[in-house]
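J.: Sequence:
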Amino acid sequence: MLALALIAAATLTMPLDASAQSGAATARAAFDRGTRRFQAGRYEQALEAFREAYEARPHPAVLFNIASCLDKLGRPVEAVTEYQRYLRLRGDEVEPARRADVEEALARLRRRVAFLAITPPSPDAAVTVDGAEVELGEDPVVVSSGRHTIESRAAGGRTATAEVDVVSGESLEVRLRLPERAADTGGHDRRTDQHAPRPETPGPRDEGSGWSPTLRWVGLAATAAFAGGLVFTGVRALSLNSEYENDPSPELRDEGLTYRMLADLVFLPGTILAAGFTVIAFVLARREPDPDEAGDHAAIVPILGPGGLGVSAAARF
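In my numbering, the protein residues as written are -3 to 313.
Since the hints were derived computationally from the structure, they do not count as laboratory data.
Some hints could be false.
Stated by the list, open to error - Estimated spans, in silico, between C-beta atoms of each pair:
#1 Glu169 <-> Gln35: 39 to 49 Å
#2 Ala36 <-> Glu147: 38 to 48 Å
#3 Arg95 <-> Gly70: 17 to 27 Å
#4 Ala21 <-> Gly127: 15 to 25 Å
#5 Ala93 <-> Arg173: 42 to 52 Å
#6 Ala21 <-> Glu176: 51 to 61 Å
#7 Gly133 <-> Ala158: 14 to 24 Å
#8 Ala103 <-> Leu69: 12 to 22 Å
For every residue, glycine included, the Cβ atom is placed at its ideal position computed from N, Cα and C.
Please build the complete structure, drawing on both the sequences and the hints.
T.: Below, the structure written as structure tokens:
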């Protein structure tokens, strides 16, 4: 440490032009304070002084002093980061003995940290680890063991994010990829609307292939009227026949014959109408059930039997 301090001090006192002498003087004074504090074991204060010296005049030699303070303070992530920077920036200028010391320190500290080789989505994209911006270069990003969030934000607000969980001594490669850019309409392409098939508007429901509901009810009413007439004339004829048996008068006989003739006249067209209406309205005009109307169905159907015309409830399940 002392040897490097002397080297760094000599570097900071090299001849400078007038414009740089003020910064060099500040750096030299701060470096001297840092050296005294480090030798006294005041590593936190020494770290502050060395960083002040590096800020006044950024010389790679000071990075070794900064890394040594961080190592003494038990901050391995920062210590490894600064040791790596020192070796990379000093390059071949590092003496073999000094390089051996740094490599020994790195071998000891690497067991306590993890390394992330981060590939950003674009070369100029800034990257943050746990919210703090990191410098990407030849050296991997040093992190503590545990879970970390890596982000890179591009122009337009798109963000590439990765969550990693690392253990001490591990090296992990992380490739950040931005999500696909959404269309200006929020991911929806308006051009597709111009050629999209329009939904068909449902037309009026077809209740049958022949008759409309109105005609069906008219036919049913006509059939009911003929049925009513048939029942009335038949019942009246039977009643007059009973009265004639009790009182065989010419008037009752004539009236009975009249109602009997009317019943016969009503029966024939009523039967034809009922049969025709049943066939046309409920057989030929029968439609397939709508899939949307699946379930039980019931309908009123006119019937013609031995006892006359009537109606029945027909159900389909």
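J.: Would you mind marking each hint as holding or not holding in the structure?
T.: Structure-based check of each hint:
With their beta carbons about 41 Å apart, Glu169 and Gln35 fall inside the hinted range of 39 to 49 Å. Separated by about 41 Å at the C-beta atoms, Ala36 and Glu147 satisfy the suggested range of 38 to 48 Å. Between Arg95 and Gly70 the Cβ separation comes to about 24 Å, which falls inside the hinted range of 17 to 27 Å. Between Ala21 and Gly127 the beta carbons are some 37 Å apart, a value that contradicts the proposed interval 15 to 25 Å.
With their beta carbons about 45 Å apart, Ala93 and Arg173 fall inside the hinted range of 42 to 52 Å. Here the CB-CB span from Ala21 to Glu176 is close to 55 Å, well matched to the stated 51 to 61 Å. Restraint check, Gly133 to Ala158: a C-beta distance of roughly 19 Å satisfies the suggested window 14 to 24 Å. Restraint check, Ala103 to Leu69: a C-beta distance of roughly 19 Å satisfies the suggested window 12 to 22 Å.
The structure fails to meet hint 4 from the earlier list, while all remaining hints are met.
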